[in-house]
Each structure stands twice: as structure tokens, then as C-alpha cells.
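Using the hints, put the two standalone chains together into the complex.
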Amino acid sequence: MKNYRHILKNVAIGAALLVAYFFAGKLGLSLAFVNESASAVWPPTGIALAALLILGFRFWPAIFLGAFLVNLTTSGDIPTSLGIAFGNTAEGVVGVYLINRYASGREVFSKPLNIFKFVLFVGIVAPAISASIGVSVLVLGGLAELNQYHAIWFTWWLGDMGGALVVTPFLILWVVETFNRFKPLKVLEAAVVLFILLVVSQAVFSDLSVFGIQNYPVAFLTFPVILWVALRFGRKESATAIIVLATLAVHGTLQGFGPFSRPSSNESLLLLQAFTIIMSIVSLALSSAIWEGKKLEGRFRGLIENSSDAITLIDLQTNVLYTSPSTLRVLGFSPEEFVGMNGLSLVDPADKERISHLLKDLVSSQGKVLDLETRIRRKDGKWIWVEAVLTNLLHEPAVGALVVNYRDISENKRSQGELVAFAQRLAEEKAKAEVLLASIGEGIVATDNEGRIILVNKAFEDLFGWQASEVTGKQLTQLISMEEEVGKPVLESDRPMRLALASGKKITGNFYLSKKNKSKFPASITATPLLLNDKIIGGIKVVRDITVEKQIDKAKTEFVSLASHQLRTPLTIMKWQSSQLVNELEEAEEKLDFKNYHKRAQNVYTTNERMIELVNAILNISKIELGTLAVEPVEISLQEIVDGILEEMEEEIQMKKFKLRKSYPTGSTKSLLDPRLVRIVFQNLLTNAIKYTPPKGQISIKIETVKDEVLFTITDTGVGILPEDQDKIFNKFFRTEAARQIDPNGNGLGMYVVKAIVNEVKGKIWFESKVDKGTTFYVKLPLRMKARTGAKDLNESFV
Amino acid sequence: MKKILIVEDEALLLEVLRDEFTHAGFSALLAKDGSEGLATAQKELPDVILVDILMPKMDGITMLNKIRQNSKLANTPAIILTNLNDNKTIEQALQSGVYDFLVKSDWNPKDLVKRVKEKLNLK
Chain A
1 MKNYRHILKN VAIGAALLVA YFFAGKLGLS LAFVNESASA VWPPTGIALA ALLILGFRFW
61 PAIFLGAFLV NLTTSGDIPT SLGIAFGNTA EGVVGVYLIN RYASGREVFS KPLNIFKFVL
121 FVGIVAPAIS ASIGVSVLVL GGLAELNQYH AIWFTWWLGD MGGALVVTPF LILWVVETFN
181 RFKPLKVLEA AVVLFILLVV SQAVFSDLSV FGIQNYPVAF LTFPVILWVA LRFGRKESAT
241 AIIVLATLAV HGTLQGFGPF SRPSSNESLL LLQAFTIIMS IVSLALSSAI WEGKKLEGRF
301 RGLIENSSDA ITLIDLQTNV LYTSPSTLRV LGFSPEEFVG MNGLSLVDPA DKERISHLLK
361 DLVSSQGKVL DLETRIRRKD GKWIWVEAVL TNLLHEPAVG ALVVNYRDIS ENKRSQGELV
421 AFAQRLAEEK AKAEVLLASI GEGIVATDNE GRIILVNKAF EDLFGWQASE VTGKQLTQLI
481 SMEEEVGKPV LESDRPMRLA LASGKKITGN FYLSKKNKSK FPASITATPL LLNDKIIGGI
541 KVVRDITVEK QIDKAKTEFV SLASHQLRTP LTIMKWQSSQ LVNELEEAEE KLDFKNYHKR
601 AQNVYTTNER MIELVNAILN ISKIELGTLA VEPVEISLQE IVDGILEEME EEIQMKKFKL
661 RKSYPTGSTK SLLDPRLVRI VFQNLLTNAI KYTPPKGQIS IKIETVKDEV LFTITDTGVG
721 ILPEDQDKIF NKFFRTEAAR QIDPNGNGLG MYVVKAIVNE VKGKIWFESK VDKGTTFYVK
781 LPLRMKARTG AKDLNESFV
Chain B
1001 MKKILIVEDE ALLLEVLRDE FTHAGFSALL AKDGSEGLAT AQKELPDVIL VDILMPKMDG
1061 ITMLNKIRQN SKLANTPAII LTNLNDNKTI EQALQSGVYD FLVKSDWNPK DLVKRVKEKL
1121 NLK
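Keeping their order, the protein sequence lines are chains A and B.
For the first sequence, position 463 matches number 463 in this note's numbering, and the numbering has no gaps at all.
For the second sequence, position 70 matches number 1070 in this note's numbering, and the numbering has no gaps at all.
Same shape as in the complex, but just chain B (with noise of 0.2 Å):
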């Protein structure tokens, strides 16, 4: 079973993603902020990454930039999944090396699981 670590800070959308990757076989951690996300990720060391960019204490791009030290968690695929979607974000978010840059109002829940298992090459 693959584990996914979801970083959002809004607890509906949070709620949402578990219920769909917990439905689609994934084993979901949950983390409400960029902080709390580097932490679950260095202890549990997820498969794949979903991310928000604007978060409280510490935002997803510096949280992706912080994992990537981690010689461990170095090559573990990063989606970025935000509502932010300027060019110079879109550009950092690429920087840190994500898969992917997802923006959420364009997606409904079953799509975007639908998404990230293609990027990770899973049925």
C-alpha cells in the first residue's frame, strides 16, 4: 500500500483528500500545515507528497525544499496542489522539483486522485 502524505491547510479540503486516497487504496497521513508536513514526512517517509503552497508556520514550497535535504526522501515524488497559479510560483514550485503543479478549483476529487496515480505510474 502506497503512502501519501497530504499537507493542506484548509480542514475541508484536508477531509475531502483523505476520503478519496483512503477509497482509491492509499494509506493517507495528513498534515495541517508546512511544519507539521516536514515532520510526518522525516518520520514516516511517504511514497508521494501532495502539497499546498500557502500555508501557516511554513508554506509547501519551503517544506519541499527542507524534505529534499533528507538524502532519504531526496527522490520522493512532490505534487504541489494550490490555488495559487502565477508564473513565479509555478516557477519556484518547479525549482524545488515537484512531478507536478495541480490547481485545486480546476480539479474535482476523483480526477485528481485519477491524476496522481498516472504520475506515479499506479492503476
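Okay, chain A solo, but in the shape it has when bound (with noise of 0.2 Å):
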């Protein structure tokens, strides 16, 4: 439907077209003298290529047909007249796409320049094809002698000119052209000139005046009225004013008048065709110069008139010589007012001086611009800050100025200072937090809500061996792999940071993760999401390294897991004696037979001792081992205990008759030590050298003071330590072959506690020894333990 429409809209506007180019073309042939069908004044010329501009070259038929119409109804010969029609059609169509192409299309009156290409293409090289094609035709089809092919090609040729420079401009600027309305006082201007221009074509080529009775010279009297057409009003007015003059000055002419009458009518035309030319071309020339003229101006003013910016020009005195609209804003004066003015009045006259100078500078060399901040006083008195840039334009003739563009930045100056509190207290907080960050001791490492690293803190880089620069901005998934136990990696969807990316919600977990060095430890992750107005926009995860939580995990349960056996071993030895006791007694009670109950009551006895020893030891090491082990030093030698512990083993001493050898330095050296712990080391060492010393045995004891510290020395020839246990003696629960073999009731705790009680007050100790030969011990202990407070009641007996 719609494109039925379409259809019958253009074959109406076809339709239209021929029958003006039919009517056109019978009015141009009954002015056909030098042959019927060839017309110095064709106007149909004009209609074709302004449709075919305007409308597209579709439209052809239409003037095909017309042509064709035109000349069968003027010759009657249908070969010659679809010959012309041809050769007219063509001329339209050559002359429309030379614009086309070289001269901007229908925007062809909108430069000087286009204008003479148009000349060419459709005023001289379109008419010609035409006027071969016809003339040929014409003399072909014998309806024109071969003799007169020049004159009837040449007339052909000028008539067709005329029509396309003189109609084509009119119909297309009308088109073209937006419809300006004008003021009052210019339809009034628009009267006087256009009653002017019909007097004076009047006047110069009818029988109104002597001028164009007598064929005077004078065409030139319709110049000025063209030209003030062209100054003052615009382009498709002189267009208008030239069709309405050559439509006149043919006419008059035909009717004998004017300066271009001659007696051959023919020739009249191609005179006056040659003066309306020119006449068009300069017309137009003139009026689209003018035309392309105003429209950059507008648009310069537009631009200067819309700008954010004032623009002044300034002379060498800096004397305000233009200034835009916009200056009103920025400074309070209209333009009206500031013109005229002096431009350095308003600078600040604490600044006035460097602005001169920078003048000066600026004035010296062609071209140059200069940028400045200074301070300006408004119309209002009101300071502002202004920014400027000026241009030294002296030297361009169409400026000679020097150019400066301006404006108020105030609010920038206020603004930039906020700005600058502003980042420095954000500096101040960033600080904060990085210290914070840095000082925290766990690792912490924030992600965007994708799970790409922003930032990681000191005890991050520490952890893992990465460096921040390293890492932001990458996977925290693809950095760090992540096993639930090791060789059980987590699936990417499972772990922490993805979850709590998804759920929004914090997420706990121990897990293993891999370091730089692909080393993996166990760790204590929490991830936390970061929601900024119910959006989750990234998350942090903090991770504790727990290596040394699981390794004191795992020795406490083998710690419980040994004592707990430790313990059982003499309660089963307890239980076995006392039962067999029970049952021996049940039986003595028919026998009389009492040969077991001494021993049996005896191992129970020894066993019970051996188990509040072992409890003792085992509550004495977890107060060690927690850290909350008491240090409390009095004044009191070392040799007043030694000598202490030595008078309670005398019995055993004199048992196994060992020589013993004491070492003591001369005078009393009063010292700072805690007696409760320094008993602890001496029993243990003592009793040990006693016990494991076959009878007859030798021990020695030496107290020495180096320096702040007591170095005590005890050499024993005992059975001694074998090379390959040596490292182990210290160890929890670990006993010696031959200490197992000389006394199989120990619990292999009393070393373990003499280092440990050595090491908190700061001491040293350490050991030689040989198999059978014997060991000796080396204590260091400082002569002033420092006080420390905590537990006090550790239980003396251990071995």
C-alpha cells in the first residue's frame, strides 16, 4: 500500500515535470528562428537539470518523454525528435552527475568556487553534448542543411546555456534555500530594488525611454541593481532578479528594443543570452561569497558569543578594542561598556608589574601564547581569580590584537584547596590504615568482588614469600592453591573467598596453602565479604599460620597419649601385686603358707612412691610448658644447696662407698637464686651421677664464679651415655638402655625438667661423656635470676 503510494507520488511528480518541460520547451521553440527545432533561449535546460538534481536522476523519462512531446509536436518526425530527446536528456543527465561528483550536489551555490565549476559543467560542457547530439540529428534526419550546422550548433549551444545558468540556480536556491522571513524595513528594501530593477530593464530595453528606442549601449545600468541584490539580500533573490531581468530584456529585444536588437532576431538573442550570462555568473558568484561569508561568521560569532570563556582583544597599550558577550558574566561589564577600557586597570596592582613584564615578553614575538593566573577586580568589586591565555595575533591582518581568552576559576582556586585538606586527610587515613595493616600479624590480603588481589599486608608478603607488586591485580585462587589435607586440594568453588563472595556471609576454615616456593603450610583462614549498600564489591582474607598451634597439638596428644600409658604401667603393677596378694592370702588362710606376702606388699608400696613421682613430674612439666613457671631468686649460694642435697644422699653415698670431691670457690659468694629451682636441677643431677656410678665410684664437685655466672661442674664415673643417645637425653620420656637395666622403675621425665628449668632462668647446660667411663654436666646459671611470677608449687621429687 504504502509503496503503491509511493509509486503514484512519483509518477504525479513525473507527470508534472513533463508538462512543465513540454511548455517550457514550446515557449523556447517559438523562439526558434535560425531553425525550428535549435532556440537561442531554452529554458527547459534549466528545468531538467534542477530536477534531476533536486528529484534524482530516476526521474529521466520524464524529461526523455518531454523532450520528445516538445519536438514531434514542433517537427512531426519521430526519429529526429527522439534523436533531440536523447541528446536533451543527456545533457541533464551528464551535467547533473559532474555536480554531483565535483561540485557538492545541490550545496553547489554555497561557494565562489563551485560556482565556476558549475559553469563549466552545465553551462558549456552539458549544452554541447546536447547541441552535437541534436544538430547531428536534425541534419541527419535532413531537416537542416549541413552548411548551417555550425550557426544552428552555436545557437543551440548558447540558448541551452542560458537556460542552465540562468533557471537552474533560480529553481534550486529556492529549493535549497531555507525561507528567511525579513524584517519590516527589508520587504520595504525588497520593493524599492525590484521596482528599481523593472525600471531600469524597462528603461534600458523597451520602448519606456530614449535608451531602448534608440538601441543605446547601456546594459550596464542593470548592473548595480543586480549587484545591490546580491550585497544586500541573498542568493536566490539575485537568482530571482536575473531570471526577472533576462525574462524582460528578451522581450524587449524580440520587439527591436534595447542595446542587443539586431535586424536578425536569432542573433539579438545570442547577444543578449551572453549578457545575461555573465550577469548570472557574477551574480552568483558574488551573492555565495557573501553567503559563505555570514555563515562563518555566525558561526565564529556562535562560537565566541556561546563560549564558557571571555574573549578580549587588547591592544599594545592593552586598550580593549572587541571583547565578547560573555565578559559580562565573567567580569560584570557589557561590551558596550568594557571597550575602551584598559584591561591592565582591573589586574590586581600587587600583580600589575609581572603581568606587564609578561607582556612585554609576550609582545616581542609574533605568534606566541602565554598562559597566567591572576587576580582580577569585578565591575562589582569583587575579586576573582582568572585564568588567561594570550595570544599575540598582532601581526595577523584580519586580528592585529592581542587575543586573550579568559575566565573566572575561583571556585576551581576554593574547590583545589578543599581538595587538597581533602587528599591529605585521606593520605593521613591511608597511613593509618597501613600501618595498622602492616602491624597486624596475621596476613591479610584483599580481593574485588571477581577475586583479584587489591592489596596484601606486610605479614601477607612475610607468609607467603610473595610481594605485593607481585601479586595485585592477580587471581588469589590462581596464586595460592589450597589442599584440605595435603594431596586434597579444595575445589576453587569450595574455597573460602569464592564463598564468601557468593553467600555474603564470613566463612572460617583450616586449611593447607602453598607459599611461593610451593612449600605448604597449615593455616587459619577467615574470609569476610565487603559489602558497600547491600553490594558485595570485594572481600578480605586473614590467614594465621598454625604450624606451630598443630605441632603443640599434636605433642600434647602424644604427650597425654605417653603419660597416660606412663601412668597405667605401675597402677597394673599395683593392681597384679595386690590381687595376687589377695589370692596368696585366701590361700594362706588353708596353708599357712606366707613365703610372697613381704615382697608383694613391698612391690606395692615401691610402685605407689614410683606413681606419685610420675604424677608429680607429669604436673610439674605442663606448669613448665605453659609458661607460668614462678621465678622467685633470694640471697643464697650455690654451695648452701648443693651442700643441702648432698647431706640428704649421704646414706646412699656411704652405701656404694664413692669418694666424693668438692670444688668450692673461696669465701662465700652470696648470689640471686630461686632454692626451690635450683634444688630441682641439683637432686636430679646428683642423683643420676649416684645412681648410675657402680659402687667405689669417684664424684666430683666444682662451683666456680665467671664473670655475673656460677659455672657448677659435676664429674662422675659412671656408665656413661652412648654416642648415638646422646642428642636424646633431654627428651621427654626417654631413658638409656642402661638406665633402664640399673634402675627399671625411672620415667625418663628428670632431664627433660632440669633443661627446661635451666632454660627459663636463662642458664646453660650441657654434657660430656664416654661409655663406661663416665659423664660430666655442665650447669651455667646467672649469679641474679630475675624475679618472674607464677607458679610456685612444683614438686621436688622427680627421678
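Hints listed in this document are in silico derivations from the structure and should not be mistaken for laboratory results.
Bear in mind the structure is a predicted one, so any value in this text is a computation, not a measurement.
Hints may contain errors.
What the hints assert, rightly or not - In silico DMTMM-like cross-links for lysine to aspartate or glutamate, where the CA-CA straight-line distance does not exceed 25 Å:
(1) A:732 to A:558
(2) A:595 to B:1086
(3) B:1114 to A:590
Stated by the list, open to error - Far from chain B by the CB rule (all over 12 Å, computed), these chain A residues:
(4) 54
(5) 379
(6) 538
Cβ atoms here follow ideal geometry from the backbone N, Cα and C, with glycine treated the same way.
Structure follows, in C-alpha cells:
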């Protein structure tokens, strides 16, 4: 439907075009004198060009048909009519093609240069095509003599040229150019100029005046009128004036009036045509040049007047020559007020000297540009900051001034100040946050909502071995592998950070993580999503290395397991011995047999003692390991403590017939020691020496003071310690084979506790030993122990 | 007469076990650690082995694993008698093919002998 209407519309336009062409052609041929088909006035060329240019090439059939009908109805000869129609159509198509291709198409009249192209393409080239084809067809069809070829061709060519250069601009400009309503004064002027045009044309080309009647050569009289229209009005008004002039001129000339009237009508018309064409070209070129200039000026005016910056032109003395309307907004002066003032008079007096100096520099070199900021006083007395760009265009003839482009930046200045303060506050906050982050012992990593690392803290770098710069922007999950247990990787989607980002909830868990060097460590992880306005914008992961905790955990489990086994052994002995005792007593009631009772009772007693020692030792160890051991130094000498212990062991020393050697420093050296702790250390060492040295052996004890420390040495001639056991003797529950054989009841905790106490009081213990030769233990203690509060109730017996 | 090998490092316990099993009609072979127990087993080919786990020189489970390599001892019933009762130890013991796993402190000597006899289908 739409398509149908479209076609109908085009057919209607085509028909209208055909009719217009036909009648214009009839009018033209009515002025054909040299041949009935060749006229010096041929408006259809202009119609054809304008139609094809505005409506498009697809309307060529209307032109063709129109031309065919005009000629057919004139000559009655079909073949020649077809040939001429072809020539006329070709003229239009070629001319329009060239205009479209090389001269801006419909906008052909917007530049003077295009006017000359227009003259060349449709005024010279296209009519030559039509004339050549048309005249050749006439000659071939026998409608013209060959010897007339040149004369007919010239008439044809000039006629078409006139049509093209006079009619085409008129039609195109009235279509293309927007219609501007004239102001009343302009309407009056238009009426006046039209009247003058009519009067002058008639005066020159009709019998209204003596000029026309006498054929005086005063065609130039029309010139000022055409100029007037071109200069004061637009392009379409100029084209209209030319049409009016041409119509009146043709009419008058054919009646034998005016400067171009000759005996031959055709000759008259050709002369007139030449005049009209020249007038048209001049008028077109001039009006389009003016139109272009106005357009450009309008653009630049718009640019300047709508610019947020103000633009002022000043001369060498800084007097204002021109200023843009925005001056009012920036400075409070209207352009009218500001022009003529001295620009420098507004500048802050304190800054005047500097500005003058800069200006001098600016003026000295052509084209130089200068940026500056200064304070200026507005008309209302308010001081504002302006940023100005000054350009030296003194040498440019069109400007001849210094161009000052400036704007109010007071607001920027103020907000800049605020911005600086804000940035400073931000930097302080950032510094605080960074110190906070750096000081946290746990590794912290922040990611965006897709798990890409934004920042990590110092602890993270230390923990994983990555530098912040290496990991920023990387995917956290790709950087660090995660395993539930060693060898059991966690799925990407199950990783705490992924879960936290997906669910918006805090996720915690223990996992094994990989470091940069691929080693793995156990870690406790807390992944927390970062929410902003209920939207997850990223996440924070806190990583705590739990290697030590895991080790402690493992050690504790092992200790409990070992200790419970150790405790059960003496309990079992007591149970079994007493069970046997009960059974045997039952039997004895019948048999009166007493042989094992004393032995069993003794075993129960001894094992119970062993049990008590073991429980004490285990309790002591737990206190030491918890780090809650108290140190309470009092003024006492080491030899006092050692002598006290030796006294208690007097009996055993006597029994095994030991030789005891003591070497103490001369005079009493008073020191600050915790007697309880020191006692436990030396009781164990002395007990061991006595226990593991065969009878008649020797035990030497030496105490000496070295600087602020006391060195205790105890040497025995005992069984010694195997080289492979030497690094284990301080281990919990460790017992050498020899020790087991000599004392099956020992618990393997004595040396462990000794070493722990010595460490607690900042002392040192070491030893030398040879199997079957003996062992020497060295203990170095500070002469002045430092007090520490904590658990006091260490139990004394170990062994 | 059934030969029982008793391996126990705690002398007072070993002594009670010896008395009880002898009294119950066993011929008791004694060893005070794993390596001694292994040597005695190879030499004497006992009918049943009663063994502690934590012992000096060689622990009980290692001893049993070594004994199993001797074809003559491969099917000798073995009973663990220990004070270790964590799952890991029990699992290890069962892997070395023991008949029974007994925790010392849960038993008195008389019931212990009875239990061993039951396990061996003896009266």
C-alpha cells in the first residue's frame, strides 16, 4: 500500500515535470529562428538540471518524454524527435553527474569556487552534448542543411547555456535555501529594489525610454541593481533578479528595443544571452561569496558568544578593542562598557608589574602564547581569580591585536584548596590504615568482587614469600593453592573467599596453603565479604599460620598418650600385685604359707611411690610448658644448696662407698637464686650420678664464678651415655638402655625437667660422656636470677 | 603342655604372669624385650605368644611382624597385652595378625589366663 502510494506520488511528480518541460520547451521553440528545433532561449535545460539534481536521476524518463513530445509536436518527425530527446536527456544526466561528483551536488552554490565548476559543467560541457547530438540528428534527418551546422549548433549551445545558468540556480536555490522572513524594513527595501530593477530593465530594454528605442549600449545600467541584490539580499533573490531581468530583456529585445537588438532576431537573442549569462555568473559568484562569509561569521560569532570563556582583544597599550558578550558574566561589564577601557587597570595592583613584564615578553614575538593566573576586580568590586591565555596576533591582519581568552577560576581555586585538604586527610587515613595493616601479625589480603587481589599486608608477604607488587591484580585462587589435607585440593568453588563472595557471609576454616616456593603450611582462614550498600564489592581474607599450634597440638596428644601409658604401668603393677596378694592370702588361710606376702606388699608400696613421683613430674612439666613457672630469687649461694642435697644423700653415698670431691670458691659468694628451682636441677644431677655410677666410684663437684655467672660441674665415673643417645637425653620420657637396666622404675622425665628449668632461668646445660668411663655435666646459671611471678608449687621429687 | 612365650619389659608384671600361667599348666617362656622375644620364639617355637608393645630395643608389633616371616611361626596365635589403647595402635596390632588385644590395667592375672585359654579353646 505504502509502496503503491509512493509510486503514484513519483508518477505524479514525473507527470508534472513532463508538463513543465513541455511548455517551457514550447515557449523556447517559439523563439526558434535559425531552425525550428534550435532556440537561443531554452529554459527546459534549466528545468531538467534542477529536476535531476533535486529529485534524482530516476526522473530522466519525464525529461526524455517531455523533450520528445516538444519536438514531435514541432517537427512531426519521430526519429529526429527521439534523437533530440536523447541529447537533451544526456545533457541533464551528464551535467548533474558532474555536479554531484565534483561540485557538492545540491550545495553547489555555497562556494564561489563551485560556481565556476557549475559554469563549466552545466554551462559549457552539458549544452555541448545536447547541441552536438541535436544538430547532428537534424542534419542526418534532413531537417537542416550541413552548411548550417555551425550556426545552429552555436544557437543551440548558447540557448541551453542560458537555460542552465539562469533557470537552474533560480529553481535550486528556492528549493534548497531556507526561507527567512524579512523584517519590515527589509521588505520595503526589497520592494524598492524590485521596482528599480523593473524600471531600469524597462528603461534599457523597452520603448519606455530613449535608451531602449535608440538601442543605446547601456546594458551596464542594470549592473548596480543586480549588485545591490547580491550584496544586500541572498542567493535566491539574486537568481530571481536575474530571471526577471532576463525575461524583460528577451521580451524587449525581440520587439527591437534595447542594446542587443539586431536585424536578425537570433543574433539579437544570442547577444542578449551572452549578457544575461555573464550577469548571472557574476551575481551568483558574488552572492554565494557573501553567503559563505556570513555563514562563517555566524559560526564564529556563535562560538565566541556562547563560549564559557570570555574573549577580549586588546592593543599594545592593553586598551580593549573588542570583547565577547560573556565578558558581562565574567567581569560584570557589558561589551559596550568594556570596549575602550584599559584591561590592565582591572588587575590586582600587586600583580601589575609581573603582568606588564609578561606582556612585554609576549609582544616581542609573533604568535607567542602565554598562560597566566591573576586576580582581577570585577565591576561590582569583587576580586576573582582568572586563568588567561594570551596570544600575540598583532601580525595577523584580520586580528591585529592581543587575544585574551580568560575565565573565572575562583571556584576551582577554592575547591582546589578543599581538595588538597581532603587529599591530605585521606593520605593520613591511608597511612594509619597502612600502619595498622602492617602491624597485624596475620596475613591479610583484600580482593575485588571477582577475587582479584587489591592489596596485601606485610605479614602476607612474609608468610607467602610474595611481594605485593607481584600479586596485585592476580586471581587469589590461582596464586595460592589450597588443600584440605596434604594431597587433597579444595575445589575452586569451595574456597572460603569464593564462598564468601558468593554468599555474602563470613567463612572460616583450616586448610593447607602453598607459598611462593611451593612449600605448604597449615593455616586458619577467615574470609569476609566487603559490603557497600548491600552490594558485595570485594572481600578480606585473614590468614593465620597455625604450624606451631598444630605442632603443639600433636605434641600434646603424644604427651597425653605417653603419660597415660606411663601412669597405667605402675597402676597395673599395683593392681596385679595386690590381686595376687589377695589370692595368696585366701589360699594361705588354709595352708598358712606366708612366703610372698612381704615381697608383694613391698612391690605395691614401691610402685605407689613411683606413681606419686610420676604424677608430680607430669604436673611440673605441664606448668613449665604452659610458661607459668614462677622465679623467686633469694640471697643464697649455690654451695649452700648443693651441700643441703648432699646431706640428704649421705646414706647412699656411704653405702656405695663413693669418693666425693668438692671444689668450692674460697669465701662465700652470695648470689640471687631461686632455691626451689636450683634444688630440683641439682637433686636430679646428683641422684643420677649416684645411681648410674658403680660402687667405689668417684663423684667430683666443682663450683666456680665466672663474671656474673656461676658454673657448676659434676663428674662421675659411671656407665656413661652412648654417642647415639647423647642428643636424646633431654627428651621427654627418654631413657637409655643402661638406665632401664639399673633402675627399671625411672620415668624418663628428670633430665627433661632439668633442661626446662635451666632454660627458664636463662642458664645453660651441657655434658660430655664416654661409655663406661663416666659423664660430666656443666650447668651455668646467672648469679642474679630475674624474678617472675607464676606457679610456685613445683613438686620436688622426680627421678 | 602348651608353650607360652611372654614378652614384657616390666619385671614385676612378667613375674606375676609367669606365676599365673605356670600355675594354669603352661610352660612359660620369658623375654624382657622384643629382640629377646624374637630369638626365643625362633628357637622354642611356642604355641602361643603374649606380648607387650612399648619395650626397649624392639617393640612388640615389630617383633610380631618379624616372627610372621618365619613359616613355622606364621600361624602361631599372638595376643597383645599393653597399656596403649589408642586407635592407631590397635589398628597396627590387628594388621600384624593378632588374636586378641588386651589392655593390662583392665585385667587381673587370673582372668587374663582364663581369657587366653578361651582364645586357644583350652579348658
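Tested hints:
no.: 1; hint: A:732 to A:558; result: holds (11 Å)
no.: 2; hint: A:595 to B:1086; result: violated (39 Å)
no.: 3; hint: B:1114 to A:590; result: holds (24 Å)
no.: 4; hint: 54; result: holds (102 Å)
no.: 5; hint: 379; result: holds (97 Å)
no.: 6; hint: 538; result: holds (44 Å)
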